[in-house]
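What follows is each chain in one-letter form.
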Amino acid sequence: MVKLTIDGRQTEAKEGAMVLDAARALNIYIPTLCAHESVSAYGACRLCTVDITTRSGRNRMVTSCLYPVEEGLAVKTTTEKIAAHRRMLIQLLLARCPESPELKAMAKKLGADDTPFPKEDPAKNHNCILCALCTRACDEVVGQSAISFVNRGVAREMAIPFYNDSDACIACGSCFYICPTNAIQMTDKNGKRRFVMPHNTMEFELAQCAQCGRYHLPKRQIAWMAKKSGQPLEFFARCISCREEVRL
Amino acid sequence: MKLTAQQLKNKIKPILGKNHNDPAMLVSILQDTQTELGYLPRKALAEIHKELNIPLTQVYGVATFFKAFSLEPRGRHQIQVCMGTACHVRGAEKILDTVERELGIMPGENDKDLRFSLETVNCVGACALGPIVIVDGDYAGEMKIDKVKPLLKNYK
Ligand code: FES
Ligand code: FES
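Top line first, the protein sequences correspond to chains A and B. At position 93 of the first sequence (counting the first as 1) the number is 93 in my numbering, and the numbers step up by one without a gap. At position 112 of the second sequence (counting the first as 1) the number is 112 in my numbering, and the numbers step up by one without a gap.
Derived from the structure by calculation, the hints contain no laboratory data.
Here are the computed lysine to aspartate or glutamate pairs in the EDC-like style, where the Cα-Cα straight-line distance is at most 20 Å: (1) B:Lys156 / B:Glu109; (2) B:Lys50 / A:Asp167; (3) B:Lys11 / B:Glu47; (4) B:Lys43 / A:Asp165; (5) B:Lys50 / A:Asp139; (6) B:Lys67 / A:Glu157; (7) A:Lys124 / A:Glu99; (8) B:Lys43 / A:Asp167; (9) B:Lys50 / A:Asp165.
Starting from the given sequences, assemble the full structure and let the hints guide the process.
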């Protein structure tokens with residue numbers, strides 16, 4: 001265990017844990033947009049910036065989601081400087097995606113009403129802040145890597161290969177659920193699951209429950225589940241409610 | 001140059017072998033593929049993804065990351081006009097204008113019979129020779145406006 005203080009409170013954390021996790025264990029709020037317990041830390045949004053002083057007295061700002069705890073570390077999660085820093089960051093994100101309700105809410109929380117920076121056309125980034133939660137979830141949790149970043153610098157975007165190759169996608173919707181700015185839309189209609197991503201759209205067939213007839217899961221996701229679980233495909237022929245009922 | 005699926009496979013196989021079928025060598029593999037085929041066709045990226053057993057997103061992500069890779073067919077000859085500081089003060093702008101006018105294309109484009117592709121670069125480390133034009137890796141230094149046409153003539 002490693003001993004450190006956060007906002008003056010003594011605490012202990014496991015070696016290798018991040019400062020963000022240690023703070024959360026103490027119920028100390030640090031704003032984040034790109035951190036999620038299911039995927040590896042990435043450090044895209046920088047909102048989780050905190051002030052640290054190491055045992056040797058070195059003082060600086062670091063992103064708490066990426067900074068491992070160390071013995072004798074003194075962390076301050078809210079200082080004037082940090083508040084100003086976070087405000088500037090959210091204002092930059094807001095300039096990128098000026099219509100995002102999530103970013104507006106976060107800006108308000110951080111004390112910024114609007115952004116002083118020139119706003120991008122909302123149709124350019126479609127509320128995507130390039131936090132990489134979706135690509136990390138698809139890669140690390142689902143294991144499919146159906147989406148990734150393409151291009152570089154200001155042209156960087158999240159998309160499927162060639163903007164039209166969705167072969168690797170199983171239509172599970174993990175990207176949709178994890179997106180912090182709702183930049184991905186998912187709708188099930190007429191036996192189809194449709195994704196509207198920031199820079200491409202995709203459509204997949206849903207399977208019908210053999211018993212109640214309702215469309216329950218994407219066909220590809222069923223195939224994926226059968227493969228992962230080792231259960232035969234027929235096991236997933238009925239939806240989860242029909243299956244549960246039988247077991248009762 | 002149209003290749004059948006089998007021909008494409010045959011071209012890519014030795015490239016992968018030379019790079020030990022190692023996904024960590026992806027950039028080098030893409031470079032070799034581009035040298036071999038002139039650009040990176042979609043089918044080639046798909047083949048590399050299958051053979052190396054890595055996600056297509058990874059191959060496509062890297063291929064679009066570097067400006068040196070082209071996913072579109074390019075001309076038989078690559079022209080680079082240096083726009084770096086030293087070349088700039090020695091009149092690179094005028095040289096570029098001349099090349100553009102000669103070929104009727106802008107940087108990033110190919111001429112219509114796919115003879116030339118034109119792009120600009122920022123300093124190639126030969127400032128003393130500026131302004132510089134590079135065709136297929138050969139440096140032509142101390143370029144002048146009236147040297148552009150004769151230079152391009154050398155390339156069919
Ligand atoms: S949460 Fe740490 S950088 Fe986004
Ligand atoms: S500026 Fe052209 S070679 Fe350096």
